[in-house]
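K.L.:
Here's the letter readout for the chains.
There are 2 protein chains.
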Amino acid sequence: MKIRNSIVVLAAMVLLAVNVCAQTPIRANAERMESRIKALSQIGLNDNGGSDRVAYTDYDKQGREYIIELMKNAGLQVRIDTAANIIGRRKGKFDDRKPIVFGSHIDTVPNGGAYDGCVGVIGAIEVIELLNENKITTDGPLEVIVFTDEEGGLTGSRASAGDLGPEALTVTNNSGRAIEEGIRFLGGDPGRLAEAARKEGDIKAYLELHIEQGGVLESKGLNIGVVEGIVGIEWWEVTIEGFANHAGTTPMKGRRDAVLAGARFALMVNEVVNSYGGTQVGTVGKFIAEPGAPNVIPGKVTLSLELRDLSAEKIFRMYNAIEKRAIVIGSETGTEITFKHLDVGALPAITDEKIKSKIEESAKRLGLTYQKMPSGAGHDAQDMANIAPVGMIFVPSRGGISHSPKEFTSAEDMANGASVLVNAILAMDKGSN
Amino acid sequence: MKIRNSIVVLAAMVLLAVNVCAQTPIRANAERMESRIKALSQIGLNDNGGSDRVAYTDYDKQGREYIIELMKNAGLQVRIDTAANIIGRRKGKFDDRKPIVFGSHIDTVPNGGAYDGCVGVIGAIEVIELLNENKITTDGPLEVIVFTDEEGGLTGSRASAGDLGPEALTVTNNSGRAIEEGIRFLGGDPGRLAEAARKEGDIKAYLELHIEQGGVLESKGLNIGVVEGIVGIEWWEVTIEGFANHAGTTPMKGRRDAVLAGARFALMVNEVVNSYGGTQVGTVGKFIAEPGAPNVIPGKVTLSLELRDLSAEKIFRMYNAIEKRAIVIGSETGTEITFKHLDVGALPAITDEKIKSKIEESAKRLGLTYQKMPSGAGHDAQDMANIAPVGMIFVPSRGGISHSPKEFTSAEDMANGASVLVNAILAMDKGSN
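Chains A and B, in that order, are what the protein sequence lines are. According to numbering that gives the first Met the number 0, the first sequence is numbered sequentially starting from 0. According to numbering that gives the first Met the number 0, the second sequence is numbered sequentially starting from 0.
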C-alpha cells in the first residue's frame, strides 16, 4: 500500500510537472480575437473609420454590453462595481486565495482606434476561453476587469486603487457628462465609490496586455514588449514675456520677440533631453504666440513642457538643466521666462520583477522575440501598482500610431500577446500565494 | 515816376525775399495742438485709456464732426467726397494751380492710441491756423485731407488714387460694417467712387505728418524723421507638416516634430534678415502648432513670414535665401515646408527727392535734428504716391509704441512736426508749378 501510494503521488507529481513546465504552451486563437476586435469596433464607428466610443456615451454602454455577453458566455460571474468597472470572476480550486486580475478598457478617445485598450480586454477574455478549452482550473481565482473611462483620466482604476476623490467626479469628459453622472449612467454608484476600492494586498497580481502605442517593437521587428514600468509624467506651463510691437517700424535690433525666445526654448529642450542616455522623452506640444498677427512682433508665447521617464529623479534633473538654460535664453532675448509646474503629473510606476520574469519566460517558451521597455503612455496598471504587483505586455502598433483611426495591430500580434498573458498567468498561479 | 515805381518794385522784391528766405520760420503752437489732440481722444475713449474710434462707428462720425468744425472755423471750405474723405480747401492767389494736399486720418485700431493719424490731421489744421495768423495767402491752393478708414486698409486714400475696387467694398472692418455700408454711413456714395479719384498730375504734392510708430528717433534723440519711402510688404503663409504622435511612446529619435522645425525656421528667418546691411525687417508673428496638446508631438505648424524693405528686389532676395534654407530644415527634421505667397502685400512707395529736401531744409531752419529713414508702417501716402509726388514727416513715438493706449508723442514733438510741415509747404508753394 505504501509503495502503491508513493507511486500514485509520484505519478501525480510528474503529471503536474509536465503540465506546468514541459507541456506545449497554450496559444491564443488569432481569428477569434480579431473577429471580436472587429465586432467591438463597429460600435461607435464614425465616417473616418475611427472609434467614437467615448466613456459614458451610448456607444460605450453598447460596447460594454457586448463585452459582458462575451464574459458571461465564457462562464464568468459578472458584476459591476460602484465605479462601473466590469469584473468577471472565474473560480479557482482554492477560491479564497487572492485573485490574479487582468484586463484593460474599451472606451476610446474621440476618433480613436480599434485596438487601444480593446486588445487587453479581448485578450483577457481570450485567456478565459483558452482555460475553458484546455479544461484548466487555476489554483486561485481569476478576475477579468474592464475599467471605466480610462481615456478620461484612468477613472475606473483610480477608484479600484481607492484614489478617486470627489473633485474628480465633477470633471466633464468628452461625452459632455460629468464623471459622476457618467458612472451612474453605466450602472455604478458614485455615492459609494469606497466599495470599489481594493485593499493593498488583496490582489495577487494585476496584468495588462496593451498595444505599444509607439513604434519601437515594429522598428526592431520584435513580437513582445516586457514593460519595465510606466513612466512618470511632469508638466510645466512656460510663459515667455517679450514685448509686442509693430513689425514694420521696430528695427531688428531692439526687438523682444517672444517667438524667437520660444523657438530657442523648444530647441534647447530637445537638446537637453537628448543629452542623457536612456529612454526619456521631452516635448513642447503647445506653442501659442500672441497676438499672433503677421504684422506684429509676438509679445508673448505660452508653451508646454512635458518630461517623461521611469525615474522621477531624472525628470527633475532634466528640468533643472532646462530651467538653467532658459535663464540664459531670457537674458539674451530680452524676455522673461517663467515656469509653472502643473498638478497633473504622474509618478513612475515600476512593474514587479517576478511578474516581468514570468512574462519573459512565457515569451521565450512561445518562441517569441521580446525586449524590456518602458511604457511611455499612462495605463490603468499605474493605478493598480499602488495596491498590487503589476505587469504589462506590449504588442506592436503599426507605424507607432495610436489614438487614431490608423491604429492597427495584426491578429497574429494580438494572439501573441494573449498567449504570453495566459502562460504568464498560469505560471504565476502556481507560484507561492 | 519811373524811379519811384522802380523803388516800389524793388522794395516789394526785398520784402518778398525776406518773407521767403530770411524770415524767422513759422512755429506751430504746441498748446493748441495738444489741447485738440486731447479733445479728439475723448471721443471713443475706453476704460483702458485707449481709443475705440474705429472707422464707420458712431465715435468715428463724432470725431469727424469735431474735425470738420475745426476746419470750418479755420476758414476752410469743407466737402465730403464720394469715398467719405473730408477735404478742406484754402484758396491760393492763383487758385487754378494744382493744390498742395496734406493730412492723414483720425480712425483708430480697436483699443488704439491718440496720436496715430491724429497728429497728421491736427498738424494739417495747425498749418492753416498758422497761415491765417501770419496773414499768408499761398500762391497755389491748399487742401487739408482726412482720409476715410486708414486702419481698415487705406480705404480713403485708395479711392483718391482710383484704386478702390468693388471687391474691397464687401470687406467688413472692425466696426462690423462692410466698407460699402460704412462709406455711406459717413456721408460718401460708394456707387460713385470714381468721382473721388484724383487724376495723376492733378495734385502738386501730398505731404503727411505722422508719428514714427517705432523707436528710432527717440533712441537717437532726434526731432524729425525725413521719410525716404514707405516700405514694401510681402506676406507668406508657411506650412510645416510633420507627424503628430504620442509624446510618451514615440522615442526622441523617430520624431517628425513640426514645432522643432518651426523653431529652426523662425530663428533662420531672423538670421537671414540680419545678414544684410540696411533697415529691412522680417517677422514670424503667427505661429500655430497643431494639435497643440502637451502630450502630443506637434504634427503641423502654420506660421507667417513677413518681409519689409524699401527695395522690392531686396525683399525677394531675402525670400529666396529663406526658401533655400527651409529646404535643409525640412530634410533634417523630416518635415515638409511649403510657402504660399499671399496677395496682401504692398510695393515700396518712394518719396519725392524735392519734397524730401524741402522737409530737410525746413528742419534745418527750425534748428531741429533729423535723419532720413524708411517708414516701416503703411500710410495713406503710399497710395497717394501713385498719383502725386509725396513726402512724409515723422515725429518721435515714446518707447516706439503705437496701436496701443500707451502711444505717446509730446506736445513739443507734435509742434516740431507741424512747424516743419508748414515751412515745407510754404517753400514748395514758391517752387515751380
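Calculated from the structure, these hints are not laboratory results. It is possible that part of the hints are untrue.
Because identical chains share one entry, a pair is satisfied inside a single copy or across any pair of copies.
List of simulated lysine-lysine pairs, DSS-like, C-alpha gap at most 30 Å [claimed, not checked]:
1. Lys-323 x Lys-92
2. Lys-71 x Lys-198
3. Lys-252 x Lys-363
4. Lys-339 x Lys-90
5. Lys-37 x Lys-134
6. Lys-363 x Lys-97
7. Lys-323 x Lys-353
8. Lys-71 x Lys-339
9. Lys-299 x Lys-339
10. Lys-299 x Lys-323
11. Lys-134 x Lys-252
12. Lys-134 x Lys-405
13. Lys-313 x Lys-339
14. Lys-219 x Lys-252
15. Lys-71 x Lys-219
16. Lys-92 x Lys-198
17. Lys-405 x Lys-97
18. Lys-37 x Lys-323
19. Lys-339 x Lys-371
20. Lys-60 x Lys-313
21. Lys-252 x Lys-405
22. Lys-405 x Lys-90
23. Lys-134 x Lys-299
24. Lys-313 x Lys-97
25. Lys-371 x Lys-252
26. Lys-97 x Lys-371
27. Lys-252 x Lys-323
K.L.:
With reference to the structure, classify each hint as holding or not holding.
P.N.:
Evaluated hints:
no. : hint              : in the structure
1   : Lys-323 x Lys-92  : neither (60 Å within a copy, 73 Å between copies)
2   : Lys-71 x Lys-198  : within (26 Å within a copy, 89 Å between copies)
3   : Lys-252 x Lys-363 : between (64 Å within a copy, 29 Å between copies)
4   : Lys-339 x Lys-90  : neither (50 Å within a copy, 66 Å between copies)
5   : Lys-37 x Lys-134  : within (27 Å within a copy, 94 Å between copies)
6   : Lys-363 x Lys-97  : within (27 Å within a copy, 97 Å between copies)
7   : Lys-323 x Lys-353 : neither (40 Å within a copy, 56 Å between copies)
8   : Lys-71 x Lys-339  : neither (49 Å within a copy, 59 Å between copies)
9   : Lys-299 x Lys-339 : both (15 Å within a copy, 25 Å between copies)
10  : Lys-299 x Lys-323 : both (20 Å within a copy, 29 Å between copies)
11  : Lys-134 x Lys-252 : neither (79 Å within a copy, 47 Å between copies)
12  : Lys-134 x Lys-405 : neither (38 Å within a copy, 82 Å between copies)
13  : Lys-313 x Lys-339 : within (19 Å within a copy, 43 Å between copies)
14  : Lys-219 x Lys-252 : between (49 Å within a copy, 14 Å between copies)
15  : Lys-71 x Lys-219  : neither (39 Å within a copy, 84 Å between copies)
16  : Lys-92 x Lys-198  : within (23 Å within a copy, 103 Å between copies)
17  : Lys-405 x Lys-97  : neither (39 Å within a copy, 71 Å between copies)
18  : Lys-37 x Lys-323  : neither (50 Å within a copy, 48 Å between copies)
19  : Lys-339 x Lys-371 : neither (34 Å within a copy, 46 Å between copies)
20  : Lys-60 x Lys-313  : neither (41 Å within a copy, 64 Å between copies)
21  : Lys-252 x Lys-405 : between (47 Å within a copy, 21 Å between copies)
22  : Lys-405 x Lys-90  : neither (38 Å within a copy, 76 Å between copies)
23  : Lys-134 x Lys-299 : neither (66 Å within a copy, 53 Å between copies)
24  : Lys-313 x Lys-97  : neither (35 Å within a copy, 77 Å between copies)
25  : Lys-371 x Lys-252 : between (52 Å within a copy, 18 Å between copies)
26  : Lys-97 x Lys-371  : within (27 Å within a copy, 87 Å between copies)
27  : Lys-252 x Lys-323 : both (25 Å within a copy, 24 Å between copies)
Hint check: violations occur at hints 1, 4, 7, 8, 11, 12, 15, 17, 18, 19, 20, 22, 23, 24; the rest are consistent with the structure.
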